[in-house]
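Protein chains: 2
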Amino acid sequence: MATKATKKPAAKPATKPASKAAKKMNAFYAQSGGVTSVINASACGVIETARKHKDKIGKVFAGRNGIIGALTEDLIDTSKESASNIAALRQTPSGAFGSCRYKLKSLEANKLEYERLIEVFKAHNIGYFFYNGGGDSADTCYKISQLSKAMNYPLQAIHVPKTIDNDLPITDCCPGFGSVAKYVAVSALEASIDVKSMSLTSTKVFVMEVMGRHAGWIAAAGGLLEDHGVPVVILFPEIVFDQKKFLARVDQLVKKHGYCTVIVSEGCHHADGTFLAEQGSKDAFGHAQLGGAAPVVANMIKEALGYKFHWAVADYLQRAARHIASKTDVHQAYELGQKAVELALAGKNAVMPTIDRISDAPYKYKIGVAELSKVANVEKFMPRNFITKDGFGITAKCKAYLTPLIAGEDYPKYKNGLPVYVTLNNVSVPKKLKKFAIK
Amino acid sequence: MATKATKKPAAKPATKPASKAAKKMNAFYAQSGGVTSVINASACGVIETARKHKDKIGKVFAGRNGIIGALTEDLIDTSKESASNIAALRQTPSGAFGSCRYKLKSLEANKLEYERLIEVFKAHNIGYFFYNGGGDSADTCYKISQLSKAMNYPLQAIHVPKTIDNDLPITDCCPGFGSVAKYVAVSALEASIDVKSMSLTSTKVFVMEVMGRHAGWIAAAGGLLEDHGVPVVILFPEIVFDQKKFLARVDQLVKKHGYCTVIVSEGCHHADGTFLAEQGSKDAFGHAQLGGAAPVVANMIKEALGYKFHWAVADYLQRAARHIASKTDVHQAYELGQKAVELALAGKNAVMPTIDRISDAPYKYKIGVAELSKVANVEKFMPRNFITKDGFGITAKCKAYLTPLIAGEDYPKYKNGLPVYVTLNNVSVPKKLKKFAIK
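Going line by line, the protein sequences match chains A and B.
Residue 294 in the numbering used here is what sits at position 287 of the first sequence, and the numbering runs on without skipping anything.
Residue 217 in the numbering used here is what sits at position 210 of the second sequence, and the numbering runs on without skipping anything.
Any given hint might turn out to be false.
If several chains are the same, the list does not tell them apart, and a pair holds so long as it fits within one copy or across any two.
Unchecked claim - Below are the DSSO-like pairs computed for lysine-lysine, each with C-alpha atoms no more than 30 Å apart in a straight line:
{"id": "1", "residue 1": "Lys381", "residue 2": "Lys150"}
{"id": "2", "residue 1": "Lys87", "residue 2": "Lys59"}
{"id": "3", "residue 1": "Lys422", "residue 2": "Lys334"}
{"id": "4", "residue 1": "Lys262", "residue 2": "Lys438"}
{"id": "5", "residue 1": "Lys387", "residue 2": "Lys373"}
{"id": "6", "residue 1": "Lys129", "residue 2": "Lys59"}
It should be emphasised that the hints constitute simulated quantities derived from the structure, not laboratory data.
Just so it is clear, the structure is predicted and the values come from calculations on it, not from any experiment.
So here's chain A without its partners, still in its complex pose (with noise of 0.2 Å):
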């Protein structure tokens, strides 16, 4: 280390020039789509790097509602909250600035609200673009970019991914999940030690509903029960449900151990493509809503083989589940967060963060960069080789892959035994346009 002696006298700071200071441009931060328990915490990256960073970014705005609030020119001024309550969001779930189910159709179809989008970002002198989502978010971000390009527009739009689905490509893993596949394993691990101990004279077979549209990684965390010594079946979406197996499988797993424990994705479907349970109605992105295959699943075992069940649908619980979240999850959030802000002022524009795992034990990976054009509505499945041969549960190779990402506790504070949120004051920009009426 340089002594005292021989360090060189610190450079007094320049005074900037009004040109550079003229060209310093705002950053806008919208969340997209279905919220977690850790997106927080990747806004919570952004806002803190963007903060350190003033000579390039100015202020952080954030969309009211995700990206309707950039239609609507509804902008949350982030420079109003305390550096107390922007920490306070990594142990916050749910969206702070508030999160939309909406999709920007295509530029063809509607290149009006993607120049609206355009025209509130010169506005408000908004040059970083960070758009928090999944797959259809990606896609939004992707498309922003080449607009602003076709446009002329010096816009630099960086997707941060998010998705409890964990179906984002090239990236490993995805913040959100780690900690939904925590919540999953620790619950169903609990709930079946519960019904292990009354399987005797009480219920035999235990149905736990978990997310997982097309993709069923959460439902795979079920599998860590094995190790537990827990007998498991898992229904995956990516494994047309065969009955007669099915039940075949959980009646030799109730003689064998007294009881065992369903775990049914949501996305969980017969041969023609129908789910076990679909409430009919549909979302703002046209897929079907759905819930209820575990009364489904409970009450087929009940008919065919006369097993006392009891069933579960953890539904919002599992993605809001903060106080159970993993470490490496929270973390990986904030990560991302902060890489967005790095790539943003490294010059990068059009791409995503992305994790890049170097081995499994001693979990090891770095941060990567994906070409958002690459990422844009692609999901990724569970690899064959993640799901045993018979299709209900999961590989050692799998197992190997969701240990880390649920490693680890990352508790939030406490206050009369209930957790301490952060409710923002989310103070509005002032207005500088005329409205605009979404569809």
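Based on the hints, put chain B in the right spot on chain A.
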């Protein structure tokens, strides 16, 4: 304090007379009915305390699968378990020795069973009967104490309270309840802020079904969210369901806040006594097996008001959720197990240790004693002044009651992302008697 000089020399412990040693009797401990996340903490309290009094209590035998283990002479020798295994019970949910839903008939209807119990106790020199359960078990425990007296067999029967339903009389609360209440409050808070953040374009009503057949204590915990700004409607079993009033309340809250959360007790019922959703089957105690009130309520809202909904049924996840147990609850569960043994050592019979509250804030209580004759078959419902006038919420009085019960966190240890829950060796005690067929 006495100085060394004035201190009397400690009396040399006298060698116990053979007659006294011969009188030293073993203890029997069993878990009954639905298990909880802290019933093993009570077991830990019983066993660790008994181990401290080896001069008076011999071994602690546990019933394998509850009282069925006593009837079939299927006893577990807990003295074969290491101190660390027994200590680990404190952080392990489920019933470590197995529990059962098996209700002994009345003395008149099946005296044979009661006599068999005494026969087994006699064969294994059991002089202390610790029964860890709810209202039905308190009744069994009381009957056994009466019969042993009638048969002139020296047995002290002590009931250790356990029920997530919190419906035992005299005691201020029951071990198991505080942790479920904490789980419900934490989970519903997390899901509610998730829904709130997306309510503009997505789900507007979140319905969460919780346990509680006749008493609404568990559902009441949802009322604690009000102080966190969450609009909540609670459907108690104590209040007859009024569909019109309910829908009007939901509509009012959604119009005002943009969303609302409904906590529905599984025991919520219509004026004619039929539950909102019955699965038709009944358990061994003759209680209807419930589940599925949440989808009924959610669809009712969708049809009448058109709001997009999501619903969750927590089922066993709530009562097994040791990962988010209340510190107060874990502590009291242990304490009451400990106190049960101390009561036995003090010569008590046909009693149950209780929590006697002294003050809400600061929370203070002492351990009391209740006569089993006054506990058996009495259910404690929510007092009307704990429920708001409109029947959909909880009063300040109720909040003051609930708050200390969910206070504090008591996290289990984790390994590789999952809690370390102990599985005991459960070594059998050699049988001495003929087989006994249970019905």
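Legend entry - Within, between, both or neither: Lys422, Lys334 at alpha-carbon 30 Å: Both: 21 Å inside a chain and 13 Å across chains, each within 30 Å.
Legend entry - Up to 30 Å CA-CA - Lys373 versus Lys387, copy category: The answer is within: 20 Å in one copy meets 30 Å, while 57 Å across copies does not.
Inset, instruction - Check Lys381 against Lys150 for me: Cα-Cα at most 30 Å, and say if that holds within a copy, between copies, both or neither. - result: Within one copy, since 12 Å is at most 30 Å while 72 Å is not.
Legend entry - Same-copy or cross-copy closeness of Lys87 to Lys59 [CA-CA at most 30 Å]: within (16 Å within a copy, 60 Å between copies)
Legend entry - Identical-chain pair category, Lys129 with Lys59, by Cα at 30 Å: within (23 Å within a copy, 76 Å between copies)
Inset, instruction - Tell me, please, which holds for Lys262 and Lys438 at an alpha-carbon limit of 30 Å: within, between, both or neither? - result: Between copies only: 26 Å across, 67 Å inside.
When each numbered hint is compared with the structure, no violation occurs for any of them.
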